[in-house]
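Student: So the chains spell out like this:
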Amino acid sequence: MGIDLSLIWAVIISFGVMMYVVMDGFDLGIGMLYPFFKDSHDRDVMMNTVAPVWDGNETWLVLGGAGLFAAFPLAYAVVLSALYLPLVFMLIGLVFRGVAFEFRFKAREAQRHLWDKAFIGGSLAATFFQGVVLGTFIEGIPVADGQFAGGALDWLAPFPLFCGLGLVVAYTLLGCTWLIMKTEGPLQRRMHDLARPLTLVLLAVIGILSLWTPLAHDAIARRWFSLPNLIWFLPVPLLVLLSVRALLRSVANNDHVRPFLLTLALIFLGYSGLIISLWPNIIPPSITIHDAAAPPQSQGFALVGALLIIPVVLGYTAWSYYVFRGKVRHGEGYH
Amino acid sequence: MFGWEALDLARIQFAFTVSFHILFPAVTIGLASYLAVLEGLWLKTKEQVYLDLYHFWLKIFAVNFGMGVVSGIVMAYQFGTNWSNFSTFAGSVTGPLLAYEVLTAFFLEAGFLGVMLFGLNRVGPGLHFFSTLMVAIGTLISTFWILASNSWMHTPQGHAIVDGKVIPVDWLAVIFNPSFPYRLLHMVVAAYLATAFFVGASAAWHLLHGRDNPAVRKMFSMAMWMALLVAPVQAVIGDFHGLNTLEHQPAKIAAIEGHWENREGEATPLILFGWPDMAREETRFKVEIPVLGSLILNHSLSEPIPALKEFAAEDRPNSTIVFWTFRLMVGLGFLMIFTGLWSLWLRRRGALYQSRPFLRLALVMGPSGLVAILAGWITTEVGRQPWVVHGLMRTRDAVSAHGVAEMSISLLLFVVVYLAVFGIGFVYVLHLVHKGPVTDEGLEPIPGGAGRPRTPARPLSAPEEGLDEGVPSTRS
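So the protein sequences, as listed, match chains A and B. Heads up, the first sequence stops at 335 in my numbering, and the numbers go up one at a time, no gaps. Heads up, the second sequence stops at 1476 in my numbering, and the numbers go up one at a time, no gaps.
Just so you know, these hints were derived from the structure itself, not from any lab. Every residue gets a Cβ at the ideal spot worked out from N, C-alpha and C, and that includes glycine. Some hints here could point you the wrong way.
What the hints assert, rightly or not - List of simulated lysine-lysine pairs, DSS-like, C-alpha gap at most 27 angstroms:
#1 LYS1435/B <-> LYS1218/B
#2 LYS38/A <-> LYS117/A
#3 LYS117/A <-> LYS1059/B
#4 LYS1218/B <-> LYS327/A
#5 LYS327/A <-> LYS38/A
#6 LYS1044/B <-> LYS1059/B
Unchecked claim - Some chain A residues close to chain B (C-beta under 10 angstroms, calculated; not the full set):
#7 VAL78
#8 ALA152
#9 LEU156
#10 LEU261
#11 VAL323
Here chain A stands alone, though its shape is the one from the complex (with noise of 0.2 angstroms):
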């Protein structure tokens, strides 16, 4: 067959990845919010924001994986016993803050600071850890007779570590600019105070990785800095800083929906780079998409699935925030 399966399948795996970043991205992004929220009601609106929609948000994590076991059965057996712990830790986190969206409102008074911490800290262990399992997979996983062949604590080291920090300084500024957009009055005019400031450290934790990644790793350094590449992928920084520009000053100017689709584009383009930089392998740092893939028929009969039902989900995804668009107020839910 002339089409190149593995190829197709990376490309819906990735895809599948970034629309969980971009869209689970948000609304763990609000759970980190809530301390700056102390007032009950305050939180109550932010939660309703993304109370239709989490679930839907989340389900894309679970394509990623089941796509990768689907496509790629050796990447997803020895990246997911590589990186057992951080997903431990961050299934456990998503377990939290998964149900604190119900228990939360069905909770007594008394009660219910319990699951905001627990949302709290759900979203926080559940970010640190994906960036973590992101830092470790960037810095490499060892590969031997088709099996892991590192520790237990590989992911426990700076570079990972920083990548956490990085991934919650993210998903922070995507809550917050959600928030700009779905709220109004005085919890809106102090999102847009926070999103100044977490614009310029997201900046900065895009400059440090920018500058570690390729210093620590070669073949990645290559694959920036060498010619033509350099000047094919020069937009991608030149963005970066062009939508970090625009974003400042849309959000001194006030507005509602600009601050959000800049994240987006700033998130988007973080992750191209990351492709760029990893691209083709599917677990660095030298086993590409071709050498861990499953056979035709599994590629094959699985890809018709997923080229027919992608767009409809999609399509009724979109329905659904239609159907919820617009402020969120007090009092509003179901409960």
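Please build the complex by placing chain B on the supplied structure of chain A, with the hints as guidance.
Tutor: Just chain B now, with coordinates in the frame of chain A:
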């Protein structure tokens, strides 16, 4: 940890997380269909009682769904984290099936759940009903794929082994493998039954506490109809499933029966009770009925069923466990049938909502469906051991190469977190059940309003009893 190997810990962890998880989808499948029926009936009849019940069960559904989602995400990742050799070996079959589940079911449920929970005032009743239907259908599609994958591991076919890995050859054969139809029907019906008994017990609790109103009566009546009609059907499906297992996994049946050896030309008895002893290779203290084993499993008076000693010792499932979990499941099934029949008898006599002994039974039977599901799953999953993919891969070869320390930490974390989080969730569900359906939610509760008597429905000679006495106490 207690001298266990990493393999034991991985198995305990998987059994623990999957046992917790399965309870939530079971209730989600049942309640989603129940909600669709309630909303459909409301749209058709415009009777308020259906909408009241819809709102009531929707809250319980939402808590349960949340717990199902988060425990399910853990499952999706555990194949890779804990069973990486299995994932490498069989991932090309189970991976695409899981991907189809996510694509066709998870997104459908998640996409329409928001509208279902929050959207009645935003999209209008027609589209809202459509969303409820989509969620209900999503739960069933999800069951379809996950059971296709699980059944393939029990009765694999449609594949080839190339370079020590499974390669799918015929996807229709993989999906519609021999045990799949039985397993799928058995599970869906089990989910409906478990939900029916949970709903019935909730209503029985309110009736026992004197909270007799149309909504409570309606849900009790619906639950008991479900029990009456579906419990016997489940017994028939179970029987067919058993015959199918005898054909494809005879060692499992021998273990379930605690049946160790056949004597030439003799029919197999049915052992009612006993203690299968794996070390002594016999079932001790047994109480048996001659010939009945052959009659039930072979529908024959003479042909024996395979015995455990016909299999090598390392290929035998643990009979002590499955012998008892199977009997627990079947025993509960008979109790369910009995409950259904009794409800019919009481209904005919017009005493369904008054008979306290029956209401107590219905209350006690509340968890019976979930217990039966757990017992059934233990039977089928322990019964396939020592194989993870029957005849192709042993469980001990499937596990990831993690150290005991990692496995202990993660197991401990999962146990503590699950017990805390899902324990509290369970308390919230009971709390919601305790509140009971609110009548006329969203409508102005005007005393003496439409359909309600403004004056006491009794002679005026007893006015001292107060105006509200004659009105059924609907807002307890």
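Student: Taking the hints in turn, state whether each one holds.
Tutor: Hints, verified against the model:
In summary, the hint linking LYS1435/B to LYS1218/B is supported, as the alpha carbons are separated by about 16 angstroms, within the 27 angstroms threshold. At most 27 angstroms may separate the alpha-carbon atoms for a hinted pair to count; LYS38/A and LYS117/A meet this at roughly 11 angstroms. The hinted pair formed by LYS117/A and LYS1059/B meets the criterion: a straight-line CA distance of about 22 angstroms does not exceed 27 angstroms. At most 27 angstroms may separate the alpha-carbon atoms for a hinted pair to count; LYS1218/B and LYS327/A exceed this at roughly 39 angstroms.
For the proposed pair LYS327/A and LYS38/A, the alpha carbon gap of about 21 angstroms is at most 27 angstroms, so the pair holds. Proximity of LYS1044/B to LYS1059/B is assessed by CA-CA distance (about 23 angstroms); at most 27 angstroms being required, the pair is judged to hold. A distance limit of 10 angstroms between C-beta atoms decides the matter here; for VAL78/A the minimum to chain B is near 7 angstroms, and the interface restraint holds. Nearest Cβ of chain B to the Cβ of ALA152/A: about 5 angstroms, under the 10 angstroms cut. The hint holds.
Look at LEU156/A: its Cβ only gets to about 12 angstroms from chain B, farther than 10 angstroms, so that hint breaks. Checking LEU261/A against chain B by beta carbon gives a least distance of about 22 angstroms; that is not within 10 angstroms, so the hint is violated. Residue-level restraint check for VAL323/A holds (minimum Cβ-Cβ distance to chain B is 5 angstroms; threshold 10 angstroms).
The structure does not agree with the numbered hints 4, 9, 10 stated previously, though it agrees with the rest.
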